[in-house]
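J.: Two independent chains are provided; combine them into the complex using the hints.
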Amino acid sequence: MTDQFIQLGHGGGGRLSRDLIQREIVSRFGDGALKGLPDGATLPVPAGRFMVFTTDSFVVQPLEFPGGNIGDLAVHGTVNDLAVCGAIPRWLSLALILEEGLPLVTLRHVLDSVKRAADDCGVAVVTGDTKVVERGQCDGMYVNTAGIGERMDGFELGANRVVPGDHILVSGPVGDHGMAVLAAREGIRITHGVTSDTGPVHRLVQAVREFAPAIRFMRDPTRGGLAAVLNEVVEDRAMGILLNESDLPYSKGAKAAAELLGVDLLQVASEGRMILIADPSISEAVLKIWKSIPEGCGAARIGVVTDAKGRVVLETVTGGRRLVDVPRGELLPRIC
Amino acid sequence: MNYIDGFRDPAVARGIRATVDALAGALLARNRSVNIMEVCGSHTMAIARYGIRDILPSNVNLISGPGCPVCVTPTRYIDAAITLAERGVIVVTFGDMILVPGSVSTLAECRARGGTVEVAYSPMRTIELAVANPDCEVVFLAIGFETTTAPVISIVEQAIRLGIKNVSLLTAFKLVPPALTALLSDPEIRIDAFLCPAHVSAIIGADAYKPFAETYKVPCVVAGFEPLDILYGVQGILEQVAQGKAEVVNQYARVVKAQGNLQAQALMTKYLEPVDAAWRGIGVLPKSGLGLRPEYAAYDAEHKYGVTVELGAENPACACGEVLKGKQKPPECSLFGSACTPDHPVGPCMVSTEGTCSAYFKYLR
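Protein chains in written order, with our numbering: chain A, 1 to 336; chain B, 1 to 365.
With the rest of the complex left out, here is chain B (with noise of 0.2 Å):
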């Protein structure tokens, strides 16, 4: 099977945007509009290179959530990475997170200064370029939601397995169903629906949205990042609302179980443990990461080095959480456009190239 261009068909996509016309048709006779939270940043990306928000009818909105877990690295751990790459620990980090700012600069920056920032495309790289580096130290910038955490946290498995003693990572893994339950928990956001993530999904299983659809009574689909599955994703979300149901519907189920990946959640025990975590522009949820157990702190950067990510506030006048939340409009907080701008971003919706402040910049200015 033809796995990218068969997820792409015009003509079939014309077919279910038909379905989805007559669907919300029918919801915008009983003066329903229907709020879906796209929870993962990848779909966010995957609406907009699709132009899907577009086509969609106007009582169906997509509201962007919080984004990807580079978008909301807070500014001081990119500053803890900086001071560690100036100090000629080799820093290896994903290539999206060298344009994110702390508070002073960005890793692209500091390696213009002669930081020693390096770009992987996998993180088993930082185990070559320790192996290759003897006499240096090795620093892997360990963000991500769960999809990224498993093949992460492999660099300490490879690491102990192989005797490697210079390699650590920064941790600020994030996890996706404590911030979803801070979003619900929030009286003043409405939110009707989730689209949940694809890849994300594929670790956790789809069961790990059963108590948003049970406790909070919001549909919750799981839908794939290719054009027709988000069209698809959304077409079984306004069936749900129409019908009064709320179920968690696996539609990407050629990749995702409903147990998720056994063997990567295993790791993931074994290795890390639930701690509070900062997300930019939104603040600390309680339980939405995930850091090194007491036992590996051999493999802890902040430990190994005695640098300190504090968990605290961002720029007070950024107004992301606002934002997300849909209570402000960019133009309304006092640094968009000024201050903060998809070259300077400030908060995570204009860290991200399709965040929606960033968006609102390039297509609404």
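Pulled out of the complex, with its shape left as it was, chain A reads as follows (with noise of 0.2 Å):
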């Protein structure tokens, strides 16, 4: 291809578009049910399972930071919502909108990503739409993907299956994507660097699937991070979420640029982590089983379900107690 930038016509369905789908798309993705561009998947589903079905877009700024891109964080954020349905993630479809003038390396890269972070997800990319919009009308690439997963058996999961008593586990350091993206927009450098998090977190699941019935819920803390989760698990309930400061894992890296941002990292969004609530017997065993897993090594127990109605309190470093609250909605850093 010699222009190294997105025509309008490469989204045109003339010429320019099948070359541009031919040479990116199907020499990444053509084979199994992309082959021969048919207009719909067709897909082998086993006889009497239930299959979990999820999307998602992704508008993230910018396009590549510390750790990933919009390719691999837009596979990891449908594989992971699949696997936390106790679901083993089978199939993608892949959407891309691209701006006028986006650098075709940069797609490249992106696409690169996908495939990549989908062979490592055992997900198959099935079918696809690319379109492009002119200038200024999308910043850079907005991608979308939908997933489907086959659900194991024996999970039953539920905020509503939650009792006072169970243990909550956190699969790793929470709040690297957020602020590795926070400090990229920003151009902010840190010593210790912030990089974000974006991983599957299928394997931690299928990892501890033989504890199945004692899981009461799983839930991937995207945006509005651990507080948001952790809020609507107990939001109207006669149960509460009692957290230990000392005890919630974050990276160096995430500490400083949240300090210095002033935000709080319970409420900024990981991307490759995942909250499990279980009944206490089962959750060290869970924990060993994550540790030995390289995106479960930094697992820890936070907190336990308590009987204070409705509400997420932490007990901080000095004893005291404090509300986790909500976000109201996008993170603003305070001057003071």
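Note that these hints are calculated values from the structure, not bench results.
Take these hints with a grain of salt, some might be off.
Covered by chain B, according to a simulated footprint, are these stretches of chain A (three or more residues, beta-carbon under 8 Å) [as the list claims (entries may be wrong)]: (1) 251-260; (2) 306-320.
30 Å max Cα-Cα, derived DSS-like pairs, lysine-lysine [what the hints assert, rightly or not]: (3) B:Lys270 with A:Lys255; (4) B:Lys270 with B:Lys257; (5) A:Lys309 with B:Lys329; (6) A:Lys131 with A:Lys35.
Glycine included, each C-beta is placed from N, C-alpha and C at the ideal position.
T.: See the structure below:
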């Protein structure tokens, strides 16, 4: 391809479109269901099985950030949504909205990352779409992925299954993704650096499937962070959550960036972590298994479910307690 | 040295708590309670974030002071900023300003309607935007206590140096010492000691509090914003109260000097002069703010665009002034929980996420 930037014609359905699809999409994902570019993917669903279906859109800025880019993020986001529903991720769709003028090299980086991440997660990209919009109508590129997974036996998940006494586990340091993106966006350089945690959690779920009946709830703490997920669990219910600040895993870099920007890491997104709430009898075993897997090596028990109605409370390093509130909307740094 | 974890060590915290408990116990035996005002919004936030109020003895009360400069920004200032953004002026602001309500809307709502509002982490972003958009006017919302004044005023210094004409400031700078004088002069409010701000003190210097210790006999302890700093600050105050002393003690000597930051002070004096200023919910306090000197009027957005931020009363029903003085509890205000909530705040005590009214709404309702 001689021209090194996306043009409106790449989305026009003509020769430019066909070239782009052949060179960039079919070359990477052209085996299996995508072969021959049918209008839809025909997939073999095992008889009598429950399938889980989800979708997510990605508009992150900058498109490439320390630790990842919009491509692997789009795969991990959807794979993780399937995984925390107790499913084995199988198939993904990939829809791209590209802005006129996007450097082709950026698109290639992103698609390489999609391919690498999908292979790592054992999912196949089986259908997709590409549109090009005029300059100024989107911020470089937007990505949507939908995913289908096969639900594993034994998982009965839901906030309504959580009971006082349950233990709350997290699979690793939280808030790295949000801080990496925020720091990259603002051009803030920190000695220890902060790298996005974007990554899959499906291996963590599959590794503990033998304990499925004792696992009540799983979720990946993306937007709104731990605070949003845990408040959702106990909202309007006759139970609460007590977290211990000394047990919360944070990376050094995320902590430094959060201090500098004045944000609370409990409210910051992770893209490669999961929360698991389970009967106390299995929490030690789950932690042990998680810690033996690379993506779970920083796992920790962070708190318990209590009977304090509807409240998420943090016991701080001073021994005092405070309410962990739901973030209102966007993360706004305080000036003072 | 590790400047984060070192000042959050649970074992050290337990040690200071034991001393605080012992000092407070001895005062209680003499029937003595101690009202400590934490002057600065960042102390209020840290006290809430680490649950410090929760662990103090019952006869030691922390009273939240005038809050943060964002929370005390008057309605009419926000209105003026919105007017500018609606006229196509690029309005640049620190993030937490965009949720502060004006008389009809916030800057966040203004942005959603198409107003040009840019959130910046550094005031210098204003210069970048002015250079990148030579055909647009760029205004920085110049609010803040002494801490942020010097970096903000350096926008003007840079603009002059680089010959940039399309930059100006909408000023609402506030000064801490005049606010403390106003509080101490009010016979209805009983403050036994000040926990003095960390960053503000780095600029104005610990000596700036000497008049309060000497004239009003109020102990002043300058403390950092880490949990151990605050607990140790409370300990320092209780020691003075127990001994009947009233001195300025600088416990934040790793940052704060007696004279403060002379370079920042010189920069402020060069460009700014004291003006009367309106504090949301409190009213107009004489010479409690800073405005641009007349010779720099070309960088004063009020002058440049003919918008005026009048000094006037706020919603008369808002009882924040009384709440701040401890004369009313939040639910006694007629607006509390109905016209005034954390999502639609009226006064500064609700605007701040850890303000007295906001905390009351979240924790105690």
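J.: Tell me the hint numbers this structure goes against, listed in increasing order.
T.: 3
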